[in-house]
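For the protein sequence lines, the chains are A and B, in the order given.
Under my numbering, the residues of the first sequence are numbered 80 to 195, in order.
Under my numbering, the residues of the second sequence are numbered 335 to 445, in order.
Note that these hints are calculated values from the structure, not bench results.
Given the structure is predicted, the values throughout are model-derived calculations rather than measurements.
Heads up, a few of these hints could be off.
[Said to hold, decoys possible] Not everything, but these chain B residues come out facing chain A in the computed CB check (under 10 Å):
no.: 1; residue: Q340
no.: 2; residue: P342
no.: 3; residue: V382
no.: 4; residue: Q432
From the three backbone atoms N, C-alpha and C, an ideal C-beta is built for every residue, glycine too.
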Amino acid sequence: GAGVSQSPSNKVTEKGKDVELRCDPISGHTALYWYRQSLGQGLEFLIYFQGNSAPDKSGLPSDRFSAERTGGSVSTLTIQRTQQEDSAVYLCASSLSTGGFTDTQYFGPGTRLTVL
Amino acid sequence: ELKVEQNPLFLSMQEGKNYTIYCNYSTTSDRLYWYRQDPGKSLESLFVLLSNGAVKQEGRLMASLDTKARLSTLHITAAVHDLSATYFCAVEPDSNYQLIWGAGTKLIIKP
Numbered sequence: 080g081a082g083v084s085q086s087p088s089n090k091v092t093e094k095g096k097d098v099e100l101r102c103d104p105i106s107g108h109t110a111l112y113w114y115r116q117s118l119g120q121g122l123e124f125l126i127y128f129q130g131n132s133a134p135d136k137s138g139l140p141s142d143r144f145s146a147e148r149t150g151g152s153v154s155t156l157t158i159q160r161t162q163q164e165d166s167a168v169y170l171c172a173s174s175l176s177t178g179g180f181t182d183t184q185y186f187g188p189g190t191r192l193t194v195l
Numbered sequence: 335e336l337k338v339e340q341n342p343l344f345l346s347m348q349e350g351k352n353y354t355i356y357c358n359y360s361t362t363s364d365r366l367y368w369y370r371q372d373p374g375k376s377l378e379s380l381f382v383l384l385s386n387g388a389v390k391q392e393g394r395l396m397a398s399l400d401t402k403a404r405l406s407t408l409h410i411t412a413a414v415h416d417l418s419a420t421y422f423c424a425v426e427p428d429s430n431y432q433l434i435w436g437a438g439t440k441l442i443i444k445p
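Excised from the complex, chain B in its bound form:
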């Protein structure tokens, strides 16, 4: 069975701290996506990781992909309140035209 597991599922942290969200998956894939969802809103694409060792950074967020370990990480540096959201990772099994979604990590950043 294809599985994508995120952890933690819930994270409450203080502003200014660093933290990492993990996304493990059970199938072979070279493509992994990170999305953000604000409360009551739809999903917004953050990163597309297309190969082993890929690293993408945008502001205080940095995502990486290790296809051998079947692991992606989303690292938050010096968190600020407006990064509070739910973060989803999604994996595309090789040539499958679909995404397998993680359950999401709800991130709350306290001032």
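Excised from the complex, chain A in its bound form:
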């Protein structure tokens, strides 16, 4: 079946511009996660959505970052007034999240963001 998809795959923008990154999770997955991965580094948690609950935004690095998830499916991560330090690969993952646990997270291919 279809996996997690993300768009665009690459985004080059100028400093100060706003960008929107999109994630389509696996159908039926209630949990959706956004991570950031800088070159050669591990994963940095950004935000987590679970069903209709309020999202866990504890990982967002600044108020320039925001995300929404419409209809419990597609999610958009928005970065306003981009800075060069925002350059990274942004990964989206989804999971079934049943039985009180997160379950295996399935990752999308990522969006590589470059801020000039």
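Knowing the structure of chain A, use the given hints to seat chain B on it.
Quick look at chain B alone, frame taken from chain A:
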């Protein structure tokens, strides 16, 4: 503070050798995940370990979990070049719906 520590962070080895990657964590957890990431690619789930003493094997990779020691190991047997990748472990604190990630172990296997 919740921490997941992997070691080594970098490993270069010859084909045919055996080696072990270690994942230590600081919180109570009964669920631990191993993922693989190829260069320029996204993460792929390898193993889910759900209880103390759990052991999973796939090909030349075997993962185990000791929740009392807060330690998981990923053992590579008779390594082959196509196992070259970065391996991440991730721990789920009890009933927390999130994963705490290790920094990753970059594994290079030379022919």
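Hint-by-hint comparison with the structure:
A hinted interface residue such as B/Q340 counts as satisfied when its beta carbon comes closer than 10 Å to some beta carbon of chain A; here the least separation is about 9 Å, so the hint holds. About 14 Å separates the beta-carbon of B/P342 from the nearest beta-carbon of chain A, more than 10 Å, and the hint is not met. The beta carbon of B/V382 is positioned within 10 Å of a beta carbon in chain A (closest approach about 6 Å), and the interface hint is therefore held. Interface restraint check for B/Q432: the shortest CB-CB distance to chain A comes to about 6 Å, inside 10 Å, so the restraint holds.
Of the numbered hints given earlier, the model fails hint 2 alone.
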